[in-house]
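S.K.: Residue numbers (our numbering), protein chains in the order written: chain R, -14 to 143; chain S, 52 to 606; chain B, 403 to 504.
It is possible that part of the hints are untrue.
Claimed, not checked - Using 25 Å as the maximum straight-line C-alpha spacing, the simulated DSS-like pairs for lysine-lysine come out as follows:
id, chain 1, residue 1, chain 2, residue 2
1, B, Lys467, S, Lys148
2, R, Lys130, S, Lys342
3, R, Lys(-8), S, Lys342
4, S, Lys299, S, Lys528
5, R, Lys130, S, Lys331
6, S, Lys528, R, Lys130
7, S, Lys251, R, Lys107
8, S, Lys331, S, Lys342
9, B, Lys450, S, Lys88
10, B, Lys451, S, Lys529
11, S, Lys342, S, Lys251
12, S, Lys88, B, Lys467
13, S, Lys528, B, Lys411
14, S, Lys88, B, Lys451
15, B, Lys467, R, Lys107
16, R, Lys73, S, Lys326
Don't read these hints as lab results, they were simulated from the structure. Note that the coordinates shown come from a computational prediction; the quantities given were computed from them, not determined experimentally.
In case you want the letters, here they are:
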Amino acid sequence: MSKIWTKNGFQSENEWGYLSEGAEYLSVEDAKGSSEGSLAVRVEPADDVNNLSDKLESIAIIAVNFPAFADGRAFSHAALLRDRFGFKGEIRAFGQVLLDQVPLMLRCGIDSFEVSDEATIKHLDAGHIPGIEHHYQPSMNEPAKANSYSWRYMANSG
Amino acid sequence: MYRYDEFDHAFVKERVAQFRDQVERRVSGDITEDAFKPLRLMNGLYLQLHAYMLRIAVPYGTMSPVQMRKLAHIARTYDRGYGHFTTRQNIQFNWPKLSDIPDILEELASVEMHAIQTSGNCIRNVTTDQFAGAAADEIADPRPYAEILRQWSSVHPEFSFLPRKFKIAVTGAPHDRAAIQVHDIGLQLVKNEDDEIGFKVYIGGGQGRTPMIAKKVRDFLPEEDLLTYVTAIMRVYNLNGRRDNKYKARIKILVHETGLEELKAQIEAEWQHLKDTDLKLPDADIDAITKYFEKPNLADRAEGWAQLAQWKKADAAFSGWIQQNVGPHQHPDYGTVTISLKPIGGVPGDATDAQMDLIADLAEEFGNHEIRVTHEQNLVFPHVALADLEPLYRVLAANGLATGNAGLVTDIIACPGLDYCALANARSIPVAQEISNRFGDAERQKTIGELKIKISGCINACGHHHVGHIGILGVEKKGTELYQITLGGSADENTSVGQIMGPGFEPEAITDAIEKVIDTYLELRSSDDETFIETYRRLGMKPFKTALYGEKTAA
Amino acid sequence: MSKVLTANKLIDGNSVWLNAQGEWIETIADAFIARHDEAVAALEETGKKAVSDNLVVDVAVIDVKETEQGIWPIRLRERIRSHGPSVAYGYEALVQEQTQAA
């Protein structure tokens, strides 16, 4: 059973459906050719998010795929979408979403999570997000500048 | 050296707590082994043949006596009384329990150490020249840049799940002692015509199954662009590096398959977006980090010159040790001292807890409180007064630490091999020990001169066999160990990958084969001053092959 | 064909072998020997269960010879796992070096 989690907790509403249960999102290719608004797009690991750069106004949600725990390409996809293209909509992680990556995903600008791993659900539900507050790099979720070297930040506690 | 500030202390403390929590969830069953493995590796914890193995980071090989004593304490308390210094300038313990790891990490944190990113598919411990800040030929000290890279790469949100491990090395001298051309990124400090500091940037070097020498992508990268440029390289690699085959996943394969010019263009294009971001380094920050590495205030000790000459005359063993293990220092009254962890017949890189404690004491008494770990698995005191060499030597000698063999045939690099490692196909340590015993005679070693033998127990090449003047690779054939010999490798500024000689040798025959190669060199060298690698480069493989396999095979 | 079941314990990493009582023990000498396919299949099942119960990791069925001296793994790797490193280490190694040097 999948559930949608954001930093406000588990969501009872999920207007976009569950990717693990076959929810239909547009491919990057199809999104490029679409003239409609409020699109839901899925980005696969080998996709190039540059192809979405002039479409972002009409995209409501982008789902980035973590097909395996070790496949970290979606971290870069999310970071590029936020940092390079200034995408303001929802970025959702799906696939193998496990607890210990959630803090890093948040820092790369992912803000919603389709989770099915039971232990992950249990810990998220208990408010247990095992992250580190002190960062040696900028993040996409508005950290505060640390009063220190230019590359240091503190997690946004809000 | 660098000292943690409050931020660093808080960070490492959080990281220890995070790992403690991960271990607890693993033991309770909330995390499967498949999911835990990348998490534990990212914190330096392997599972080997007999037990877990914990690899502790020694950032760019720099350590204080207090830290060394803590390592001795860990060896004694949580392990079996010894540790193993590695080719990545780190130290690893072979017998810790999973349940003790969080406590070990807490002990390490108390002396500003950790095990972060000493394994896993992330940016690993940044390495550098063991004589940084002391070597007479240095253009600039590489350690401040290595420290900035260390901080920036720690728990990086975007680059913690790369296609494969990623190694960065920095050198500050034209004579490369950090093997930068066999790293994923190699940085060489240079000055431009305006006397400004920057980097020559190399990418795509590496050993393993497909050894490759790094390619230059930048002649001069201004220091302020260090992090933006490295970020650009990492992002291009993270998105495009192969993930379908772990033997093709390093950046060297991406360089090879994409083509250098095309990949360079991709990196430059990515960098255009990054170069003016928050990661552009302000001068003030570079200066602040550099301050930690200020040259020590070394008193003039001119009396050492005459004393040294006298001591050398009186004691041949001491004189041999000086010749091999003491190098020139920026201050004329001082030298750099290599403490060999290669006793004749010993295990390369191993040290007992008592030896570690002793080295800590000696570093305080004679070594200006500084210790370095070398990628050749020795230790270094970077600042020793010539006037202190004799008393230092006496104590080292009494404790099995004064073998005068740095750079000689018995100064062998060897991976742990099948005696410990779950990936190995053959043993490395017994081969190193037998070669060391065969050539242990001091005179014989001196006659042979500079010769780097490097042994790996599998194709992953942790023992750097590809870049050994003589490399030995252990393989498993029909259930038994077999050793292949390569000749002509080198890891300095003239990096080259060794060539395979021919069919491999059984364990009983490998030392004889190495002796034959060395005897052939001694017959062929043009003068006593021509080193093994020079002779090999002059004459090529053929005469060595003939000597080892006979005329027919060599033709 | 003789086989035994080996693994490493999750909590401390030590090499262990399964005995006839279904316990994981730290010496190979008393390991349970499977001599036919059904017994090997049972070992594999036991291994899988122990992994999912988070008792052990890296579980494997290995080939052994039954000798007068006891169980002898066929592969060198497994002999080193069961009998320890083939080289002296730590203080033992130090003593060995010093004896050789003397």
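S.K.: Evaluate each hint against the coordinates.
M.R.: A quick look at each hint next to the structure:
In summary, the hint linking B/Lys467 to S/Lys148 is not supported, as the alpha carbons are separated by about 31 Å, beyond the 25 Å threshold. For the suggested pair R/Lys130 and S/Lys342, the alpha carbons sit about 22 Å apart, so the restraint of at most 25 Å is met. This hinted pair does not check out: R/Lys(-8) and S/Lys342 have alpha carbons roughly 41 Å apart, beyond 25 Å. Restraint check for S/Lys299 and S/Lys528: the C-alpha separation of about 24 Å stays at or below 25 Å, so the hint holds.
With a C-alpha separation of about 15 Å, the suggested pairing of R/Lys130 with S/Lys331 holds against the 25 Å cut-off. For the suggested pair S/Lys528 and R/Lys130, the alpha carbons sit about 57 Å apart, so the restraint of at most 25 Å is broken. Taking the CA atoms of S/Lys251 and R/Lys107, the gap is near 50 Å; set against the 25 Å cutoff, the hint is violated. Simply put, S/Lys331 and S/Lys342 have alpha-carbon atoms about 19 Å apart, close enough for the 25 Å limit, and the pair holds.
Between B/Lys450 and S/Lys88, the direct Cα distance comes to roughly 17 Å. Compliance with the 25 Å bound is thereby established for this hinted pair. Distance hint between B/Lys451 and S/Lys529 is unfulfilled; the C-alpha atoms sit about 32 Å from each other, more than 25 Å. Between S/Lys342 and S/Lys251, the direct Cα distance comes to roughly 23 Å. Compliance with the 25 Å bound is thereby established for this hinted pair. Restraint check for S/Lys88 and B/Lys467: not satisfied, since their Cα atoms lie roughly 32 Å apart, outside the 25 Å limit.
For the given pair, S/Lys528 sits about 30 Å from B/Lys411 by alpha-carbon distance, which is inconsistent with the 25 Å threshold. Of the supplied pair hints, the one linking S/Lys88 and B/Lys451 holds, its CA atoms being roughly 19 Å apart against a limit of 25 Å. Using a Cα cut-off of 25 Å, the hinted pair B/Lys467 and R/Lys107 is violated, with the two alpha carbons roughly 48 Å apart. Between R/Lys73 and S/Lys326 the alpha-carbon distance is near 23 Å, which keeps this suggested pair within the 25 Å criterion.
Figure legend: structure checked against the earlier numbered hints; hints not met, in rising order: 1, 3, 6, 7, 10, 12, 13, 15.
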